[in-house]
Amino acid sequence: MVLMQGNEAIAYAALDAGVRFFAGYPITPSTELAEIMSVELPKRGGKFLQMEDEIASLAACIGASLTGVKAMTATSGPGFSLMQENLGYAYMTEVPCVIVNVMRGGPSTGVPTGPAQADVMQARWGTHGDHPAIALCPSSVLDCYSLTARAINLAEKYRMPTLLIPDEIIGHMREDVTLPEHVEVVDREPPHVPPEWYYPYDDTGCEATPLAPFGAGFRFHATGLTHDRAGFATSVPAEIDRCIRNLMRKTIKFRRDIILVEHEHLQDAEVVVAAYGISARAAQAATATARARGYRVGFINLKTVWPFCFKLIAKVAETAHAIIVPEMNFGQLVREVERAACGKTEVVSLTRVDGEPIVPRQIVDAVTHHATPGGGS
Amino acid sequence: MARAQELNPSELAHEYLRQKKKFPHVWCAGCGIGTIMGAVIRAIADRKLDRDRVVMVSGIGCSSRMPIYVDFNTLHTTHGRAIAFATGVKAARPELEVIVVTGDGDAAAIGGNHLIHACRRNINLTVVCINNNIYGMTGGQASPTTPYGKFATTARYGNFERPFDLCALTEAAGAAYVARGTVFYARPLEKLIADAIAKKGFAFVEVISQCPTYYGRFNELRTPVEMLYWQRDNTVNVKAAAKLKPEEREGKILTGVLADRDYPEFTELYDKLIAELAAKEGK
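Sequences listed follow chains D and F, in order.
Start counting the first sequence at 26; every next residue gets the next number (our numbering).
Start counting the second sequence at 199; every next residue gets the next number (our numbering).
Chain D on its own, in the form it takes in the complex:
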């Protein structure tokens, strides 16, 4: 067992899962990641670059990834805003990489040292155009480790950028953790065809078309323009349609493989608390307290924020009287919960935007307000 900080756990998970390239720019509260990577990567034959800004950081990661190297960058809200341009490029060109956004208060410079969970919608819709999104949200230091490895593996498997969005508390919190002895590592699928048959954007129906590394003889073209299966720009409506649908397909067809949520006491729950990140810790504590007082409360930890677990929430909405969604923002993911609940149950948004965490008592109060004392049976 070791005492470890969230950001540290993310860095070591990345190294253990095979990340060998990191390009970043200093920004609170993510800077520990760049600092650790600058020390540890060259020891492992990897490369660390401190770039001139966050735009260049993600650009360099995409360039490195195209040569077959697993790449990562880390930032916070303002830097994540700058990365949106090349994040879209990575979605469009289907280049794996991982972006860690340690969330702080916004908009703009906001509260650099204060925590928030206000980039949840930016993680989904921050870059222009239709695109898929995979965003994982750790609620403990151990989660930081395991979800980082998962984000890297999902990026390689589905050939797309993936996001890890811890809040500042999770990033800076120290906890005792026992790291797993073995980390599952997914390596990039190489093409199984000779170069003359290779189409980098072919529609195979699989998770993703294999991505040939630059320098291996495949000499393909990557562009941010909407492209055909060979990777060249197209303005043919049928090819544009195919390009976009192929991107979106990943998180629709394979959502069951991607979505990871944990839940407790849903069977008898009258009220369900759905939360993520540090708010999930408060929710878990609040659930235990409320249950000890005889309230039938359930708890969902949304470790995968995107794609959203619509089916689970829809099912819960059939039986629960209310779903409580505590978030350190003005109510972002609650909109998805409302969409999934479809009016079948009351959806309660608990918010906090003062740079302080949501505390268990706030959730317990909401639970006792909406649930029947003594179980209601």
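Calculated directly from the structure, the hints in this document are not laboratory data.
Among the hints, a few may not be true.
Said to hold, decoys possible - Interface residues of chain F toward chain D, partial, derived using beta-carbon atoms under 7 angstroms: (1) D250; (2) A282; (3) F283; (4) V287; (5) N311; (6) H312; (7) Q339.
Just so it is clear, CB atoms sit at the ideal spot from N, CA and C, and this is done for glycine as well.
Assemble the complex: chain D is given as a structure, and chain F must be docked to it using the hints.
Quick look at chain F alone, frame taken from chain D:
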């Protein structure tokens, strides 16, 4: 490759083109970019580079369409960011030859910060910056190299911002190799690009090009030929310039090799660090 050496210059260019369906190209009649593409290809052939190991990276704009047509590993990126992408490619795999093709708007406006930091970092890239003094793809707006007093769709009363001297900029920022060529002198340009590729460190080649469709039309240079003669008459090689009287050099743009210096190269330094750390670990 042996075959490539036997071909005449235009046949040689064909050897490296993606012929299957990528043509006709997007460039206007009289545009200088095609000539420069020929020079880049001949420089690559001259350096005997294995095309599997060549990565051509570009940003957005007319010049940045070049990678589409050439049979290398090609990366058409976001506006201004080509050098940042290329930095990632080169840092991750120093054995690849990474050539960036960019324009004046792409490299000096939106990408200006990436340009100067790549110079400072001295990473072994070759940047060919095609300077036609205007934003061509969006229809003729003023760029950071539009000369003072010249016209563009966003400078209808004459441009009153001073233009960047991109070679002075990159030299000051620490590029190992800085050169300027013209479309008119296409064969000497080829040599400058070949030398830039051979140079260990950040190499920057500015190419003075012509955009007859917009820049020429707005600025009383009515034909591509007139624009090419302008290049001939308004440039002087830096070696020849040394022998001219100050009044003869007045207003002339210097061409040729403007800076050629040896600084420690980024990927070599990094690989050295990795080797040192590995040796320490082994002890």
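- Item | chain D contact restraint for D250/F - C-beta distance below 7 angstroms | It holds, given that the least Cβ distance between D250/F and chain D is near 5 angstroms, below 7 angstroms.
- Task: Under 7 angstroms, Cβ to Cβ, is where N311/F needs to be relative to chain D, so tell me if that hint holds or is violated.
- Result: holds, 5 angstroms
- Message: Quick check on Q339/F please, does its C-beta sit within 7 angstroms of some C-beta on chain D?
- Response: violated, 20 angstroms
- Please verify that hint: A282/F, Cβ, nearest Cβ of chain D, below 7 angstroms or not. Interface hint status for A282/F: holds (4 angstroms vs cutoff 7 angstroms).
- Message: Let's test the interface hint: is any C-beta of chain D closer than 7 angstroms to that of V287/F?
- Response: Nearest chain D Cβ about 4 angstroms off; hint holds.
- Per the CB criterion, is F283/F less than 7 angstroms away from chain D? holds, 4 angstroms
- Does the nearest C-beta of chain D fall within a distance shorter than 7 angstroms of the C-beta of H312/F? holds, 6 angstroms
The structure is inconsistent with hint 7 alone, although it conforms to all the rest.
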